[in-house]
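Listed in order, the protein sequences are those of chains A, B, C and D. First residue of the first sequence: 4, per our numbering; consecutive thereafter. First residue of the second sequence: 86, per our numbering; consecutive thereafter. First residue of the third sequence: 248, per our numbering; consecutive thereafter. First residue of the fourth sequence: -6, per our numbering; consecutive thereafter.
Hint data in this document are derived by calculation from the structure and do not stem from the laboratory. Treat the numbers as computed from the prediction; the structure is a model and nothing was measured. Heads up, a few of these hints could be off.
[Stated by the list, open to error] Keeping only pairs whose Cα atoms sit at most 27 Å apart, straight-line, the calculated BS3-like set for lysine-lysine is: (1) Lys319/B / Lys147/A; (2) Lys160/B / Lys135/B; (3) Lys147/A / Lys272/B.
[Unchecked claim] Here are the in silico distance ranges between beta carbons for each label pair: (4) Glu318/A / Thr83/D: 39 to 47 Å; (5) Gly315/B / Arg574/A: 55 to 63 Å; (6) Met374/C / Arg105/D: 26 to 34 Å; (7) Asp351/C / Lys490/A: 44 to 52 Å.
No residue lacks a Cβ here, since even glycine has one placed at the ideal position from N, Cα and C.
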Amino acid sequence: MTLHEHDVIVVGAGGAGLRAAIAAHEEGSDVAMVTKLHPVRSHTGAAEGGINAALRDGDDWELHAYDTMKGSDYLGDAPAIETLAQDSPEEVIQLEHWGMPFSREEDGRVSQRPFGGLSFPRTTYAGAETGHHLLHTMYEQVVKRGIKVYDEFYVSRLAVTDHDDPEERSCHGCVAYDIKSGEIVGFRATDGVILATGGDGQVYDHTTNAVANTGDGPAMAYRAGVPVEDMEFVQFHPTTLPSTGVLISEGVRGEGGILYNREGERFMFEYGYANNAGELASRDVVARAELTEVNEGRGINDEYVYLDMRHLGEERIVDRLENIIHLAEDFEGVDPLVEPMPVKPGQHYHMGGIETDENGETCIEGLYAAGECACASVHGSNRLGGNALPELIVLGARAGRHAAGTDLGEAGVPTGPSAKSEDETDLDTPVQPGALDVDDSDVAADGALVEPIDVVEHAVEAERERVRQLLERDGTNHAEIREDLQKAMTENVNVFRNEDGLKRALEVIRECRERYQDVAVSDPSRTFNTDLIHTIETRNLIDVAETITLGALARNEFRGAHWRQEYQERRDDEWLKHTMIAWNDGSPDLYYKPVILEGENKEYEPKVRSY
Amino acid sequence: MSTQITETETETETESTHQKRRLAEKHARADMRERAKADLSEAEESVKIKVFRYDPEVEGKKDPRFDTFRVPFTKGMTILDALIYARDHFDSSLTFRHSCRQAICGSDALFVNGRQRLGCKTQMSDLEWPVRIEPLPHAEVVKDLVVDMEHFYDQMESVEPFFQTNEIPSGELEEQRQTRENREKVKMSTRCIWCAACMSSCNIAAGDNEYLGPAAINKAYRFAMDEREGEEMKEHRLNIIEQEHGVWRCQTQFSCTVVCPKDIPLTEHIQELKREAVKSNLKFW
Amino acid sequence: MSQSYDRGLIEDFGRWTEFSAGMWAWIFHKFTGWVLIGYLFTHIAVLSTATVDGATYTQTLQGLESLLVVRFLEVGLLAVAVFHILNGVRLLFVDLGIGLESQDKAFYAALIVSAAITVASIPTFLMGAF
Amino acid sequence: MADYYSSFEPKGTRWLFQRLTAAFLVVVLAYHFMLLHFVNHAADITFAGTQVRMSQLGYFLTMVLFLIAGTFHGVNGVYNALVNQGLEGTPKTAVKWLLIVASVALIAQGIRVAIAMTNLI
Ligand SMILES: Cc1cc2nc3c(=O)[nH]c(=O)nc-3n(C[C@H](O)[C@H](O)[C@H](O)COP(=O)(O)OP(=O)(O)OC[C@H]3O[C@@H](n4cnc5c(N)ncnc54)[C@H](O)[C@@H]3O)c2cc1C
Ligand code: HEM
Ligand code: SF4
Ligand code: F3S
Ligand code: FES
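For reference, chain A alone in the conformation it holds in the complex (with noise of 0.2 Å):
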């Protein structure tokens, strides 16, 4: 059995993974990252907009944390919060001193640019294509340390032990499968293993999110024992292209960008959405906004309506939005010099996932989350643009430094099952949610397996043993599940949602897990076996979907980006709490853990959100 040793292993090479690579190997630690797609493949290259930090004079990182704060619907614990806006001047400055082609003022500072949802313009950017200049440039560092980078490798498991409590479990390492050769091997990592696998968009199927994007990290985490928190909300990004899903970036609007509905009016304003900020109101009203128009008629072909451009002129486009341009051509065929580009909302980022402190730390001993996998939580129920990039590096970092040993204090966010405040006594589901039988958990259930080397060997047998079985047995193909749990998915848990859509939303997804269990590989190669790689992720997005479904059906209230038909209001008394989905030995809890608005200096007083 092959088995690699390495001091810390990060899984996913993305921005998140990436910092906490470099921050663990700065503080001296033999670190690897074990990642599904060459590093420069991650999908934080395709982040356009910016990040936010406060970096100028008329602004702080108290400013910021407030903005954070408000745009979370008071959703946002605030230590995580705080941290995420005092570290993320220096982080930025750090990027900048590795050298990423940020834009720049006419004195050579770093640009920065307003962005939805910000009271100051503090979003630094590079270009239009800002994602992936921080991808390439942390890519660079993490070439420049010599940090082990085990590329197309696809992390199926992690080695936890099988204590009965999940907080007193360990990780001792995970599973990988090479896709080239097809061997799975194990990695031991005596120190912790950081969970950075991104985001999960392929759950539904209209999406900003890339096909890699299929929620491997939250769901392996779960089935560990680890919780996941505010899986319901889940944001939706109001200008993508109809028929790709393919991102037009918030800086469009930054920059003076305008929506029309069919009629040609600005229905932001006309219509009452957001009398004040109009296009720049955050993510969640502008989506809504403009389903509301496409339902009542005002949309352009019953589906997008217009974002234009034109009117800002081609020097400053070409200047300031030049991909933009490149974008609606090649994949809209649409010239948006000339006129103006469809936009419709799509999946784009998850604000739930893998409950953990603001070390990055979760309550198993030696697993770590950062990025889009992880809720710390930072962005709450709704995330600001250009609040997730410094999350990866901010919180990366942290998980980093946190997992090579080094102290930084005692989390202010608690963690694991004993956080817990209140269970969830009569959420009405129509189907059992969770494992079909119990032996579908990804901790061994036979005694006490404590041995670290005994846990990886374990887990890699289990493992082999799993492939061994999809290769060799026949049965239905994932891709008709993986379809119809997106249908379901989009058409019922979107951004306007009811309780009978959800409802049969997880009737769907049990169906599917029942078909999922006769799934097969029809390919029998060993070598690069894509089938067998999508067939697993598809049984990770059958658990990531549901814990998103289960959400949102338990949360009466409208906060965020979560929104419901039947409550449409955000009701403080009652839900100023976290929704939490421990998996249980696969059948599922569902219970709450209390916000935290206690900041550093002051508390945060939930106020109406309007824009």
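Given chain A, put chains B, C and D with the ligands in place with the hints provided.
Same frame as chain A, but now just chains B, C and D with the ligands:
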């Protein structure tokens, strides 16, 4: 090449010519689409793709062959869409790399109808049908459309592809200044998505496996031309690209520039480095 | 480790129909360059008759010139030289970074102009050969 | 990566010379062709005519330079072409010396011929 200012002027000039080129290409494509539409109304709305297949482990695929799939054609369909359709509906063992679907991850550079293209960025309607899809030439095929990228990565990483400077400002939260002109100058070169289309298209790279290749040289350019690194580092960078298998190997065949999906003026960058190298060598005399 | 498939050189050059302008320019430039250097060696060899004496020189040259093949070869040489010069100038511009956007057009122009000059010069070359 | 740090390698110099000689050759070769194929027809060339031309010092020097430049340009071009096709190691060194010897011989013989064409001696 005189001062910085004129440099940027040329830079923006090429930029706008790029734009013009793209515009011209767009019109050509529009025409083509019209024609394709006309053809379609007669034919059934499906397109044939011929896909290269190879798998060292599977009987019947050990000898490379072409498989033909007939996929329903929809407006706006890309090569990648067609491949995904064929995989999900006809043969789940059809293997190719892809991820972002938006020309940013660089996974799906393929050899389509005799030219290196990104699958996700190429409209089906812009091509002659049936469409022939092969893995990138000049690279070893791992399976079907997947090629071994190791060599490309090695070349990319051999040019010290990371920022190096001794001039980091000491003040807290202080960035290194960079003029807008300088940022403009390196802008195009920073767009590379490591897709290897250029390397695959270059005859020289095919003949000389050690040739750094256009993408790696472009990467070196990105740093050599970044004023924040300082003069000394620039010398060092020029030494790197001047090596035996460096810039001098380039025979200005331009195919790299033609195929680059990010419109990076690769040949221009390589040529500029040659001139810079000659200039810095002349100083030794 | 899995094995992989190397399609080899034959496959590469089997693709000549798909070469772009710059590749053709490169191939032609190479070919013409080799012809020219070959010619230079022959040329000096022929001219070496001058070291014997003037008459031999004159005789050799005029003897060669009276052969029809030689006349045709000369036309070929001119074609080759003109193309090499024109494309050489194109390459010089490329080296200076001037007009890179039109490099493909420049190549086609070089081809056409070479052809034109060659055709136009046939009478001159063949004059008196028959 | 050690081999990157080898100090001065004359590759760039040869590259530059290839260009400089090319620029020179454009002019002279064109002139040469015009003079010997269009103004004076090749068929009409006689030793006497050649001698008259070659005895002018300027023309003589131009032709010698033409020869040297052409030889360098052509031979260096051939060498580059071979190296680009992957010529390496001992064969490369062998070819290099072979080409150098051939060039020197060509230039020497050329100059001998040129001198024989003049009435200077
Ligand atoms: C189109 C778009 C535009 C955006 N624009 C902005 C913006 O302007 N500003 C902003 O702040 N945010 C933006 N975001 C959000 C932000 O880019 C993402 O949240 C962020 O990049 C996620 O980074 P990550 O490091 O968590 O994950 P990713 O970059 O997605 O990386 C995930 C990594 O995990 C690896 N991986 C996944 N699963 C496995 C597995 N099973 N085994 C091994 N490896 C695995 C992958 O290979 C990959 O390397 C945007 C997002 C999108 C989609
Ligand atoms: C008259 C003007 C000429 C010009 C402008 C010219 C230009 C050039 C240039 C720029 C190159 C370099 C190509 C490259 O490395 O990319 C080249 C190559 C070459 N030239 Fe010339 N040249 C001229 C005349 C000649 C003559 C007279 C000869 C023969 C003696 C010659 C023989 C060659 C050869 C052999 C090569 C190498 C071809 C190859 O790459 O294989 N050239 N020429
Ligand atoms: S330079 Fe262009 S073609 Fe080459 S790898 Fe980069 S993006 Fe791809
Ligand atoms: S194709 Fe090759 S020869 Fe030079 S111009 Fe591009 S690297
Ligand atoms: S799929 Fe990412 S570049 Fe095409």
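Going down the list of hints, with the structure as the test:
1. Lys319/B / Lys147/A: 17 Å, holds
2. Lys160/B / Lys135/B: Between Lys160/B and Lys135/B the Cα gap is close to 20 Å, so the pair holds against 27 Å.
3. Lys147/A / Lys272/B: Given that 27 Å is the threshold and the Cα spacing comes to 22 Å, the pair holds.
4. Glu318/A / Thr83/D: 39 to 47 Å: 59 Å, violated
5. Gly315/B / Arg574/A: 55 to 63 Å: 59 Å, holds
6. Met374/C / Arg105/D: 26 to 34 Å: Holds: the Cβ-Cβ distance is about 32 Å, inside 26 to 34 Å.
7. Asp351/C / Lys490/A: 44 to 52 Å: Given about 47 Å between the Cβ atoms, the range holds.
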